[in-house]
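Here the protein sequences line up with chains L and D, keeping their order.
164 is the number that the numbering used here gives to position 164 of the first sequence; each next residue is one higher, with no gaps.
Start counting at 1 in the second sequence, then tack on 286, and there's your number in the numbering used here.
Misleading hints may appear alongside valid ones.
Unchecked claim - Distance condition first, Cα-Cα at most 27 Å in a straight line; then the derived DSS-like pairs of lysine-lysine:
1. D:K475 to L:K25
2. D:K568 to D:K408
3. L:K26 to D:K311
4. D:K567 to D:K475
5. L:K271 to L:K25
6. L:K183 to D:K311
7. L:K183 to L:K26
8. D:K408 to D:K311
9. D:K568 to D:K311
What the hints assert, rightly or not - Reference listing, derived: stretches of chain L covered by chain D, where coverage requires no fewer than 3 residues with Cβ under 8 Å from a Cβ of chain D:
10. 45 to 53
11. 166 to 176
12. 186 to 192
13. 204 to 216
Don't read these hints as lab results, they were simulated from the structure.
Beta carbons: idealized from backbone N, C-alpha and C, even for Gly.
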Amino acid sequence: MAHRGFGLARVGLLQRLSTFLTMSKKTIMEFSRYPVAFVATFAQVFLIILMFLFAAFAFTTPGSELAQGRQIAGVMVYGLIIQLFLSFTLWEVGFSVREEQIRGTLESLYMSPASRFGSLISRIFAILLWTSVMAVFAVLLVSLLVNGLPTANFLLAMVVLLFTIFGLMGLGLLMAAITIRLKESAQFLVSFLQFFFIIFAAMFFPFGVLPDVMVDYVSRYLPVAYSVDAFRSLLLGLPAGFPELLPLTQEILIIVLFGILAPPVSYLLYKEVERRARIQGTLGEY
Amino acid sequence: MAVEKLGLTRMSRRSNLDIVWTVFKARILIISRYRGSLFLETLIPLVFAALPILIGLSVAGGDAAASANFNRQVGTPDYRLYMLLGAVTFVVVSIMLWIVGFWIRREMEMGTLEAMYLAPAKRLYLVSGIATYAFLRSLIAFAIALGVGSLVFGVNPFQGEIALATAFLFVGLIPLWGLAFLFGAFILKVKEANSVVNSAQWVVSFFMGVFFPIAFFPPFLQWVALSFPPTWMNNGVRAALQDLAFFFGTWYFDLAVLFVFAAVVPFLGYSFFLRTEHHMKKNEGVGQY
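Generate the whole structure from the sequences, applying the supplied hints.
In structure tokens:
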């Protein structure tokens, strides 16, 4: 029997998969229509890296060792990778709801029997691909600039990255729920969150340079901070003083729990917010 | 006799000023509904300044070493003020570009751009309204961010030649109008505003030397940076307040260059905007989304 309210449509696994694939295709096609955006985003990553390296150069002691430079570059570029995934997830998954509202297509999309979960996470497909390519190029560029970056414990670092991405998907869904409530103001929140995580999850510098009070009362409560810490500590080969927040096993446990729990919890929250918006008739409100 | 194509409409100087004022008022009304953006404009320069400061501390290994190394490389030990000034000047530039770019894109998305083009109001006055609004908003953001940033980073911005720094800031804002037109034309053409604006922000901050002096660049990049008006504005403000070197050694030569930019860039920018617009109207139309 079809689900109540869906007419003759069958909301089975196959239909969900089909929605996901169709929406992913649509997202990739949308991306491909804006080639300048591709190039611009790509250039942006290189500029960020170059700018921070120049900034770091202003503070160097003449004749400082290359190994130290490599470690600092590693701290920055590996943090940047998590930042890229975070940024894309927040904007493309979280704020995409707003784009549909602006275009006036959100309500019609929700009136169709297609899986809403599928439509939300479909954007991830294209984004993951694109962000991964950028991350690889970012690592290659910095590697070239500092004559090789440390890439120790690669497989374990990838596992950490994978669970981090799942967790970030949860954050994206949470952001989508908030966007339905806040509407236009959500973009300020997304921007704010980006900056918040850059500082409090110490994405471009070690946690050691943050004041203790910030680390103890904010950073230690952010799963993303553990992701950044564990990911770069592993790739840097666990040098003395890394990871900085907790022993590695505990950090990995937190990251795994973040990756497993964040998506379903956030999706439930999203469904509740969406249900209320539909009852109030504010879903497509612009 | 009415101007051709305007029917019975008479576009007097007063009605033109009225267009500028109406657009300006509309933008103020809209932004008053989104107070979060004002908060964000204060936050962005703080984060922007905090990043190189924290990176610097980690590279140097402490405040004293960071200060000494920065003094050796840049010429001032007060690296916190240096970064803060760069960040707040960057926010001024960013707001000017961002507002014009996004305004065009938003009108496209909402389907009102073509309708606006059909109205008898000249685009110059519409864009002037937007640019005036951006001018005011960027100055407010500059003042708030500098005030809050000074408290957060524990620096005193009221040192050196304040009047000269203010002159560099105000004269530097004029060519930004021209750059905003250029940027608007680019958005009109490529359509995708989000990523372009995001990337442009980094391009701008890179070339205007927000975090470091452009002397760090290889010669070719130094020339590129020097052909960009915000670089002169940023360096002028810093040099006046922190007793750093002007590009030409003396403030009046640097200010003169900025005056030349102020005289030329707005006309260049607006002509380019009109050309792009004309080209699009002849081909695909400006409302294509």
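How the hints compare with the structure:
Between K475 (chain D) and K25 (chain L), the direct Cα distance comes to roughly 25 Å. Compliance with the 27 Å bound is thereby established for this hinted pair. Only pairs whose Cα atoms come within 27 Å are accepted, and K568 (chain D) paired with K408 (chain D) is accepted, the gap being roughly 18 Å. With a CA separation close to 39 Å, the supplied pair K26 (chain L) and K311 (chain D) exceeds the 27 Å bound. Restraint check for K567 (chain D) and K475 (chain D): satisfied, since their Cα atoms lie roughly 11 Å apart, inside the 27 Å limit.
Taking the CA atoms of K271 (chain L) and K25 (chain L), the gap is about 24 Å. The hint holds against a cut of 27 Å. Among the hinted pairs, K183 (chain L) with K311 (chain D) is consistent with the structure: their alpha-carbon atoms are about 23 Å apart, no more than 27 Å. With a C-alpha separation of about 23 Å, the suggested pairing of K183 (chain L) with K26 (chain L) holds against the 27 Å cut-off. For the hint pairing K408 (chain D) with K311 (chain D), the CA-to-CA distance comes to about 17 Å; that is within 27 Å, so the pair holds.
Straight-line distance between C-alpha atoms of K568 (chain D) and K311 (chain D) comes to about 32 Å, which puts the hinted pair past the 27 Å bound. For the segment 45 to 53 of chain L, the stated coverage by chain D holds: 5 residues have a C-beta nearer than 8 Å to a C-beta of that chain, and at least 3 were required. Coverage of the segment 166 to 176 of chain L by chain D is violated. Counting CB-CB distances below 8 Å, 0 residues qualify, and the rule asks for three or more. Counting residues of the segment 186 to 192 of chain L whose C-beta sits closer than 8 Å to any C-beta of chain D gives 4, which meets the bar of three, so the coverage hint holds.
Beta-carbon proximity to chain D at under 8 Å applies to 6 residues in the segment 204 to 216 of chain L; the threshold of 3 is reached and the given coverage holds.
The structure fails hints 3, 9, 11 (numbered hints given earlier, in ascending order).
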